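K.L.:
Read top to bottom, the protein sequences are chains V and B.
Just so we're aligned: 155 in our numbering is position 155 of the first sequence, and the numbers increase by one with no gaps anywhere.
Just so we're aligned: 343 in our numbering is position 32 of the second sequence, and the numbers increase by one with no gaps anywhere.
Since the hints were made in silico from the structure, they are not lab data.
Just so you know, these numbers come straight off a predicted model, no measurement behind them.
Glycine residues also receive a C-beta, built at the ideal position from the N, C-alpha and C atoms.
Possibly wrong hints are sitting among the right ones.
Derived DEER-like restraints, expressed as beta-carbon distance ranges [said to hold, decoys possible]:
#: 1; chain 1: V; residue 1: A17; chain 2: B; residue 2: W784; range: 15 to 21 Å
#: 2; chain 1: V; residue 1: F257; chain 2: B; residue 2: R442; range: 47 to 53 Å
#: 3; chain 1: B; residue 1: G823; chain 2: V; residue 2: F257; range: 56 to 62 Å
#: 4; chain 1: V; residue 1: D154; chain 2: B; residue 2: G878; range: 25 to 31 Å
#: 5; chain 1: V; residue 1: G292; chain 2: B; residue 2: S830; range: 42 to 48 Å
#: 6; chain 1: V; residue 1: L117; chain 2: B; residue 2: N458; range: 52 to 58 Å
#: 7; chain 1: V; residue 1: F112; chain 2: B; residue 2: A450; range: 56 to 62 Å
#: 8; chain 1: B; residue 1: A751; chain 2: V; residue 2: L91; range: 21 to 27 Å
#: 9; chain 1: B; residue 1: S830; chain 2: V; residue 2: L55; range: 54 to 60 Å
#: 10; chain 1: V; residue 1: L291; chain 2: B; residue 2: T717; range: 33 to 39 Å
#: 11; chain 1: V; residue 1: L60; chain 2: B; residue 2: Q906; range: 51 to 57 Å
Derived SDA-like pairs: lysine to any residue, alpha-carbon spacing no greater than 20 Å straight-line [what the hints assert, rightly or not]:
#: 12; chain 1: B; residue 1: K770; chain 2: V; residue 2: A24
#: 13; chain 1: B; residue 1: K907; chain 2: V; residue 2: A111
#: 14; chain 1: B; residue 1: K351; chain 2: B; residue 2: K367
#: 15; chain 1: B; residue 1: K770; chain 2: B; residue 2: Y783
#: 16; chain 1: B; residue 1: K477; chain 2: B; residue 2: E546
#: 17; chain 1: B; residue 1: K542; chain 2: B; residue 2: A480
#: 18; chain 1: B; residue 1: K907; chain 2: V; residue 2: F124
#: 19; chain 1: V; residue 1: K44; chain 2: B; residue 2: V766
#: 20; chain 1: B; residue 1: K907; chain 2: V; residue 2: F112
#: 21; chain 1: B; residue 1: K811; chain 2: B; residue 2: S830
#: 22; chain 1: B; residue 1: K907; chain 2: V; residue 2: G114
#: 23; chain 1: B; residue 1: K907; chain 2: V; residue 2: L123
#: 24; chain 1: B; residue 1: K742; chain 2: V; residue 2: Y13
#: 25; chain 1: V; residue 1: K44; chain 2: B; residue 2: V860
#: 26; chain 1: V; residue 1: K44; chain 2: B; residue 2: L767
#: 27; chain 1: B; residue 1: K770; chain 2: V; residue 2: S45
#: 28; chain 1: B; residue 1: K770; chain 2: V; residue 2: I35
#: 29; chain 1: B; residue 1: K770; chain 2: V; residue 2: A41
#: 30; chain 1: B; residue 1: K504; chain 2: B; residue 2: D517
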Amino acid sequence: MAHFTSRRNRMAYWFLAPTVLGMAFVHVLPIVQGIWLSFLAARKSNLQLYLDAPLPDNGLFGNYKDVLFNSSSALHAGMADAVRNTFWYALLVTLGTSVFGLMGALLLHRAFRGRSLARTLLLFPWVVPTYVVGLLWGFMWQQDTGIVNIVLHDWLHLISYRPVWLLGPNTLWAIIIPTIWRFWPYSMLLLLAGLQNIPHEVYEAADLDGATVWQKFRRITMPLLSPVWSVLLLNGLIFNVYSFNIVIMMFGNGAGFPGRYGDLLMTAIFRNSFQMWDFGHGAAMSVLLMLGMIALVVVWYRIFRNDLTNE
Amino acid sequence: MSLNYLARRRLLGRFLTIATFALVVLNLLPILWMVYCSFKDNNEILLGQVGLGHRKAQVQMIRETSEGILAGSRDGGLGLFQLRDGKLETLRAVNHGWFSASFATWDRELWALSADKGLMELSPEWKVTRRWDMGDLKAAYRRQFPNHPWNTVWVNDVYASYLVAKPDAVFGVLRMDRGPGVVELAKPNGAPKFLNIASGLPFSVDELQDVPGTPRILMVGPNGLIVWDAKAHAEVAHWEWGVALPWDRPNVVRSLDADEILFGHSGFADIFSISQGKIVRTQELAKGEGREIQSAAVDGQTAWFGGVGGLWKMHAVRDSGSDSGETALSSSRARFDAVALAKVGDQVVAGGPDGELVAFSAGNLDSLAAGRLSQGRIYVHWRNYIDLWRNLPFGTYLFNSLVVCTLVMAISMVLASLAGYALARFRFWGKDVFGISILATQMIPGIMFLVPLYVLFTKVSQATGIRIVGTYWGLVALYSAFYVPFTIWILRGFFAVIPKELEEAALVDGCGPLRAFWSVILPAAMPGIVATGIYVFLTAWDELMFAWVLTNESTYTIPVGIRLFAGNYQNRYDLMMAAATIATLPVMVLFFMMQKQIVSGLTAGAVKG
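So here's chain V without its partners, still in its complex pose:
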C-alpha cells in the first residue's frame, strides 16, 4: 500500500484555499461584524458610521436588554411572539413531515405497478420553489376566493362558515400546512432509502420468531431508521427555524406583516433590519437566535451521537 507523503498532503491546503478564502469573506468577516453590530445603536441614519455607530442609550448590552427583558418595548413583545410561533412551527412541521414522510415511504416500500411514477409525482411539491408555495397558498387561503374555503365550506359542508385563515390564530396553521406539504416528500425520500437499506433477513428472522407486523415495525424498522431520523430532525430544525420565503410571500404579497400569530423569527428580524432599518436590534436578535440554535444542535448531537459514530 502506497503511503501518502506529507508533500502530497500539503496539496490539501491548495484544494481548500479558495473555499477558505470565500468563507472568510462571506462567513467569518460578516459574522464578526454582525456580533459587533449587535452591541451598537446602528440604524439607517448612521449607516455611514457603521461599526463606529454609538452605543445604545441603555449601555453596551442595550439591544439585548431591549429584546430580552424590556417589556415596554415593542421589540420584546414581537420577539416573544416570534419565538413562540417559531417553536410551534418548527415542532409541528418536523412532526408533520416525519409522519407523512414515513407514511409515504411505507406505501412506496412495496412492489406495485406504477411505483416509480407514484414516487416521482409524490416528490413534485418538493421542487416547487418556496416563494411560489407562499404565493400559491396565500391565494388558496383567501376567505372568499380561496379554494380551501370553497372545498371545506361550499363543497363538503364540513364547516358552516368561511374561516379567515390569514388573520388571527389560524395564521399558524396557514403557514404550517403549506410547509409540511412542501417538505414532506424529502422526508419520504430519505426514509424510503433508509427502509431499503434494512436487510430482508432481519424481517425473515423476526417472522420465524412469530413477530406481529406492529412488533416488527416497532422493534426493527424504527430503530434501524434512527440515522435517518437524526438527519431529518437536524434538517427540520435548521430549515424550519430559518424558514422565511413561505411566510414572507404569503402575507401582503411579500411586503406585509404576518401578524402576531404568523410572525417567525426570520421575518421578524428581517422586518426590523430592512423595513424599520434598525440594524442593531436585528443583529442582537440574530445573535440570540444563533446561540439558541447552537444549543439545540448540541442537544441533537448528544442524542444521536451513537447513530452518527456507528456510521
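With the hints as your guide, set chain B onto chain V.
P.N.:
Relative to the frame of chain V, chain B by itself:
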C-alpha cells in the same frame, strides 16, 4: 386457510396501491390548482367560479332586424330569435367565445369589438371578415401618439364595452387605466384613429351612445357628456356633470331624438333638450321605486327602463308648462334583472345577466316569452401568460435567474469538489476544525450575514467605485461562497466511498495527484457531483432574501420579480399564478429529467451522513 391468507394479502395490496395513488392526487392538487388558475379569467376566480361550468355572460345588445330579433352577449354569443307561439324561437345561434365583447349594427353590417380579439366586421353569416387586432390598434395608437402610454395590462382592464356603427365609420371604446379612448375606424380605408384627451376631447370618455338617424354620437365619461358629430369629425357641444347638468353621472344615457337626451338615474329619469348649444331640463319622469336603472329603451313618448328586479315604463308628458310628475308607471311582475333592453315591434325585449332574453308586451309589461343566447365555452386561454410577458420583463428575470444559478452551480461545484476531495482523502493539520466550521456555518441564520454584507458591499462600492449591489457577480460570488460548505459536506461522502485503489493505481502509473484527481476521481464521483450540482441549482433558484436586498432592476431574479409583481397587482390572481407556474416550470423540468441522479445522490449523501 393459506389461500384465504393470500387473497387477503392481495386485497390489502390493492387497497394500499389505491391509497398511494389517492395520496399522489391529493398531493398534486395545489400544483394543479396553480396551473389551472393560471389559465383562468381573473373575474371568475374573484367570483369563486372555480368549476369547469359555462361562463355566464350578460346580454349586451338587442336589435330588431329584418330577419328577427338579433341579440349579442359579452362572450361573443350571437342569436337570432323570432317570437312565435309564445316562445322566443332561436333561428340561428353561435358563440365566438370572445372576452368582453360588444356589438353594433349599421344597415346590414354587423361589427364587434372585444378585449381580446379587437375590432371585427362580421359577415351576414356571423363570420369574421375583417379584423383589427389589439396589435393593429396599438400600432395605430403609437403612430398617432408616439409619446403616450398604451397601458399594457389590457386584458380585464380594457372594457371594450361600447360600439357604435355609423355610415362611414365605427366608434368603439377601449377603456384602460390611462391611455386609449375612443377608437374610430373609417370604413373606406380601414384606418384606426383614436379620440381622447390627447387628440382634443375635453375629458375622457368610456361610453358611447348612438343618436339614430343623425351623424351624431353621445360620448359619456365620468366628467361629462360630449355630443360628437361623426361626419364633421368635430365636437358639437359638451357639458360637465354637476356644472351645466345638475347631477352626478346618470346610469343610462339615451338619445330620444336629435335634440333630446334621456338620463336615467336611480329611481327617476330626466329629459334634457340640447337645442342651440344649451342643455335644458324639460321633463322629469316619475319617481320610480328607488330602483337602479340599468337599461332603457325609448319609443316616442314612452320610455321603458330595466333594472335589478324588473322592468318599468314611464310616459313622458311632453308639456313644458306643467311640472308633470304624473307619469304612468307600471312594472313587470317577473323577477328579472334587465341589463339590456330594446323595443321590438309591440314587445320590449330584455336581456339578463346570464344571457337570457325575455319578451314583454310593451303595453302592460306581461312577460310573453323567454329564450337564451348560446353560452360560452370554458374560458381557458394563454392570455395570462402573454399578459404577464407584456407587463413585466419576465424574460429578463428568467434569464437572470438562469445565469446566476448556473454560474453558482458551476463555481461552487468546482470549489466544493476540490475541498470535498481534500477532506475525504488527505490528512492535514486543521482538518477537524475545517470540518466542524463548515457544519457550523449551517447553524447561523442567513440574515445575520445579510446586514453586514449589505453594509460591507455599499462601503466597498463607496471606497473603490466598484459596484457590487445590483451586479451579477456580487450575487454569484455570494451564493457560491454560501453554498460551498454544505456542498463540500455532501461531496465528501461521495469521494469517501470511491475505492482508494483506483487512485493509487493512477499514482503508481505516474500520474501527478492533480492528474489523478482530474482523470480518475472526478469521473468516478460524477454521479454524485451532478446530483449535488442540481441540488445547488434548486437551492439558488429558491433564494429570495439575499436577492431581494442585493439586486436592482437589471439583475432581479425570479423570486424578487415575483415578489415585486405580487405586491403591485394584489388581486390579479390569474397573473400571479401564471408567474408562479413559470417560476416552477424550469426546476420542475430539470427535476423530471434528472430525477434518478437527484434521488440517488441525495439519499446516498444523507443516509450515509
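K.L.:
Indicate, hint by hint, whether the structure satisfies it.
P.N.:
Hint by hint, here is what the structure shows:
A beta carbon spacing of about 20 Å between A17(V) and W784(B) agrees with the range 15 to 21 Å that was offered as a hint. Judged by the Cβ atoms, the range 47 to 53 Å given for F257(V) and R442(B) holds: they are separated by roughly 49 Å. Under the hint 56 to 62 Å, the C-beta atoms of G823(B) and F257(V), about 59 Å apart, fit the expected range. D154(V) and G878(B) have their C-beta atoms about 29 Å apart, which keeps the hinted 25 to 31 Å range intact.
Look at G292(V) against S830(B): about 47 Å separates their beta carbons, and that is inside 42 to 48 Å. Taken as a hint, the range 52 to 58 Å holds for the pair L117(V) and N458(B), whose Cβ atoms sit roughly 56 Å apart. The hinted range of 56 to 62 Å is satisfied by F112(V) and A450(B), whose Cβ atoms lie roughly 59 Å apart. Under the hint 21 to 27 Å, the C-beta atoms of A751(B) and L91(V), about 23 Å apart, fit the expected range.
Range check, S830(B) to L55(V): about 58 Å between beta-carbon atoms, so the 54 to 60 Å window is met. Distance hint for L291(V) and T717(B): a CB-CB separation of about 37 Å, consistent with the stated range 33 to 39 Å. Our hint of 51 to 57 Å for L60(V) and Q906(B) holds, since their Cβ atoms are close to 54 Å apart. Of the pairs offered as hints, the one joining K770(B) and A24(V) holds, with about 18 Å between alpha carbons and a cut-off of 20 Å not exceeded.
Between the alpha carbons of K907(B) and A111(V) the distance comes to roughly 18 Å, so the proposed pair stays at or under 20 Å and holds. For the hint pairing K351(B) with K367(B), the CA-to-CA distance comes to about 14 Å; that is within 20 Å, so the pair holds. With a C-alpha separation of about 18 Å, the suggested pairing of K770(B) with Y783(B) holds against the 20 Å cut-off. A threshold of 20 Å between alpha carbons decides the hint, and for K477(B) with E546(B) the separation of about 16 Å falls inside it, so the pair holds.
A hinted pair counts as satisfied when its Cα atoms are at most 20 Å apart, and K542(B) with A480(B) qualifies at roughly 9 Å. Restraint check for K907(B) and F124(V): satisfied, since their Cα atoms lie roughly 14 Å apart, inside the 20 Å limit. At roughly 10 Å between alpha-carbon atoms, K44(V) and V766(B) fall within 20 Å of each other, so this suggested pair holds. Restraint check for K907(B) and F112(V): the C-alpha separation of about 19 Å stays at or below 20 Å, so the hint holds.
Taken as a hint, the K811(B) and S830(B) pair is honoured in the structure, with Cα atoms around 14 Å apart against an allowance of 20 Å. As the CA atoms of K907(B) and G114(V) are separated by approximately 16 Å, the hinted pair is consistent with the 20 Å bound. Proximity of K907(B) to L123(V) is assessed by CA-CA distance (about 12 Å); at most 20 Å being required, the pair is judged to hold. In summary, the hint linking K742(B) to Y13(V) is supported, as the alpha carbons are separated by about 10 Å, within the 20 Å threshold.
At roughly 14 Å between alpha-carbon atoms, K44(V) and V860(B) fall within 20 Å of each other, so this suggested pair holds. This hinted pair checks out: K44(V) and L767(B) have alpha carbons roughly 14 Å apart, not beyond 20 Å. For the given pair, K770(B) sits about 15 Å from S45(V) by alpha-carbon distance, which is consistent with the 20 Å threshold. Simply put, K770(B) and I35(V) have alpha-carbon atoms about 18 Å apart, close enough for the 20 Å limit, and the pair holds.
Proximity of K770(B) to A41(V) is assessed by CA-CA distance (about 18 Å); at most 20 Å being required, the pair is judged to hold. At roughly 16 Å between alpha-carbon atoms, K504(B) and D517(B) fall within 20 Å of each other, so this suggested pair holds.
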